[in-house]
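2 protein chains.
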Amino acid sequence: MQASQDPLNNWIYENHKGVRYGLKGKVLVDERSSFQQITIIESERYGKSLLLDGCWMTAEHQERHYHECLVQPALCSSAELSKALIIGGGDGGTARECLRHKELKYLDMVEIDLRVVELSQKYLPTIGGSAWIDQRLHLNICNGIDWVANALDGTYDVVIVDGSDPKGPAEGLFNKIFFENCKRILKPNGVFATQTESPEAFQSIHIETIKLIREIFEFADPLYGSVPMYPSGWWSWTFASINSPRYKHPIKKRVDEISKNCEIWSPRWQKGAFDAIPAFIERELNP
Amino acid sequence: MQASQDPLNNWIYENHKGVRYGLKGKVLVDERSSFQQITIIESERYGKSLLLDGCWMTAEHQERHYHECLVQPALCSSAELSKALIIGGGDGGTARECLRHKELKYLDMVEIDLRVVELSQKYLPTIGGSAWIDQRLHLNICNGIDWVANALDGTYDVVIVDGSDPKGPAEGLFNKIFFENCKRILKPNGVFATQTESPEAFQSIHIETIKLIREIFEFADPLYGSVPMYPSGWWSWTFASINSPRYKHPIKKRVDEISKNCEIWSPRWQKGAFDAIPAFIERELNP
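Residue numbers (the working numbering), protein chains in the order written: chain Y, 30 to 316; chain R, 30 to 316.
Chain Y on its own, in the form it takes in the complex:
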């Protein structure tokens, strides 16, 4: 699906169920890769911004709302931190947030679409930042579903899924076999993290995905925050683990290392964001 454009007035939209979010700007790239439509605009408010299949993904000056919230609860709480995996995340923001932790030795990033990486490196270089030249980053252009199916048991301290909505290339990132493999390849004291859509704009996918992750992992909880450019602006990420809900307890040494450069995330914010489950979702999840 192409981004909805109004070239006369320079507005670019994502449409979702009778609602649209538009940024004023100029289209720089609009091409079809083997997997999806990739659009990059120069927006007035948030700098260069990326859409995949007509959906807002990230922007230079709004990406931290998403990347800090997906990454830091996991990276700050895994018992060890030698090896991590990112499925998706082609813009580089998730890798950059992970690699802020000096303790991390090895980061596998598995992105299906080379063009997303190439165009992000060219047009949105600040989002990946130094991650792209970090020796610890191992970029693999292949299918993330196959990757988690083939990886050995207990390989990773952290597994992060940074995919788009469950249609198109990200569809297989929301099902039982995929999550079972994510658990299998995680170390017993590791942490799993994935974006779980909006409790408002994608209410049923949101609820069903959390329930599914809870069937597979011993501990799993959604965390709620704000990504203004996503449908409804209200977003969620779900964290899961095996031996204890360790994702709720960031390790002080890591917090001290990274928090002064965080825009959104802090241990206090995170504590609040786990509690701030709206009443209608809590009734669905804990009836």
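Think of the hints as simulated: they come from the structure by calculation, not from any bench.
Here the structure is a predicted model, which is why all the values come from computation and not from measurement.
Possibly wrong hints are sitting among the right ones.
Claimed, not checked - Label-pair restraints from in silico Cβ distances:
no., chain 1, residue 1, chain 2, residue 2, range
1, R, S33, Y, E60, 58 to 66 Å
2, Y, E109, R, P154, 58 to 66 Å
3, Y, N204, R, G197, 46 to 54 Å
4, R, K134, Y, K281, 46 to 54 Å
5, Y, S273, R, D35, 50 to 58 Å
6, R, N38, Y, F309, 30 to 38 Å
7, R, E292, Y, S273, 55 to 63 Å
8, Y, E292, R, E200, 54 to 62 Å
9, R, I280, Y, K281, 31 to 39 Å
10, R, E200, Y, S159, 42 to 50 Å
11, Y, T155, R, K134, 54 to 62 Å
12, R, G197, Y, T155, 52 to 60 Å
Glycine is no exception: its CB is placed at the ideal position from the N, C-alpha and C atoms.
Since the structure of chain Y is provided, determine the placement of chain R on it from the hints.
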């Protein structure tokens, strides 16, 4: 300012700094009152929806995000609950949330624009609901700034400010003299509540308003939530009190009475929403 319309394609927008939020729908009313432009549309996603001066105010199926979060932390925590005041709130949603508390005996609502009330009663009757015929509601069509200047000391258990952005008729609801009067007319164990804009789309107004309220009241804290139709979708309300931060401690008897019919608000959600202050705002407020 008029709502931005695209009548050919049935989109109605609020524009804010190079960003727009649009709902697909049909314009039902578009008139200028003595104070502002009033627009009501029938939207596909959220039912009938109200704009004032081109800014989204409320919608039938999205109003609880805002009204529950503004009202319940205050109404559930004031030591007594005999008399409350709403400044603004012409759509009736804040009054309806207040009057769910049987303990409340008398509610003054002070709205400057009679046409907002009349059109809300006609087109958005579910938002005010039974509040409009509740004997406890005393509707005063006059200036809220004068009302708080003239009210006697210690009149109200709760004072709620439900105004729009600080331009046009709501401009005087964001300054020192107004907040000082709100404190003066509050009982010593009462609670003050006001909407304090978006930490993202109105960052400096948000920060300055909280700082100002903190100069005047002994205790004041922002609470963060989501109103998808407002700029950025990320919104805040600030609660203040005199003898203790009682707004953080909802009274069990009142919680038991109202919480099963809440969509967003719960004591747990509220606790989280007070903690979920983003790092960049916390650094500004508590340097």
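Exercise. Take the C-beta atom of S33(R) and the C-beta atom of E60(Y), compute their distance, and say whether it sits inside 58 to 66 Å.
Key: violated, 30 Å
Quiz prompt | Whether the CB-CB distance between K134(R) and K281(Y) falls inside 46 to 54 Å | solution = With a Cβ separation near 50 Å, K134(R) and K281(Y) satisfy 46 to 54 Å, so the hint holds.
Quiz item: Holds or violated: 30 to 38 Å for the Cβ distance of N38(R) and F309(Y)?
Solution: holds, 32 Å
Quiz item: Okay, E200(R) versus S159(Y) on CB: inside 42 to 50 Å?
Solution: holds, 46 Å
Quiz prompt | Range hint compliance [Cβ, E292(Y) to E200(R), 54 to 62 Å] | solution = violated, 30 Å
Quiz item: Given a hinted range of 50 to 58 Å, is it respected by the beta-carbon distance of S273(Y) and D35(R)?
Solution: For S273(Y) and D35(R) the Cβ distance comes to about 53 Å; the hint holds.
Practice problem: Determine whether the Cβ-Cβ distance between N204(Y) and G197(R) falls within the hinted range of 46 to 54 Å. | Solution: holds, 50 Å
Exercise. With respect to the beta-carbon atoms only, verify the hint that I280(R) and K281(Y) lie 31 to 39 Å apart.
Key: holds, 35 Å
Quiz prompt | Beta-carbon spacing of E292(R) to S273(Y) - inside the hinted bounds 55 to 63 Å or not | solution = Hint violated: Cβ distance 32 Å, outside 55 to 63 Å.
Quiz item: Is it true that the C-beta distance of T155(Y) to K134(R) lies inside 54 to 62 Å, as the hint says?
Solution: holds, 58 Å
Quiz item: So does E109(Y) sit 58 to 66 Å from P154(R), Cβ to Cβ?
Solution: holds, 59 Å
Practice problem: With respect to the beta-carbon atoms only, verify the hint that G197(R) and T155(Y) lie 52 to 60 Å apart. | Solution: The hint (52 to 60 Å, Cβ to Cβ) is violated, given that G197(R) and T155(Y) are roughly 38 Å apart.
Of the numbered hints listed earlier, those contradicted by the structure are 1, 7, 8, 12.
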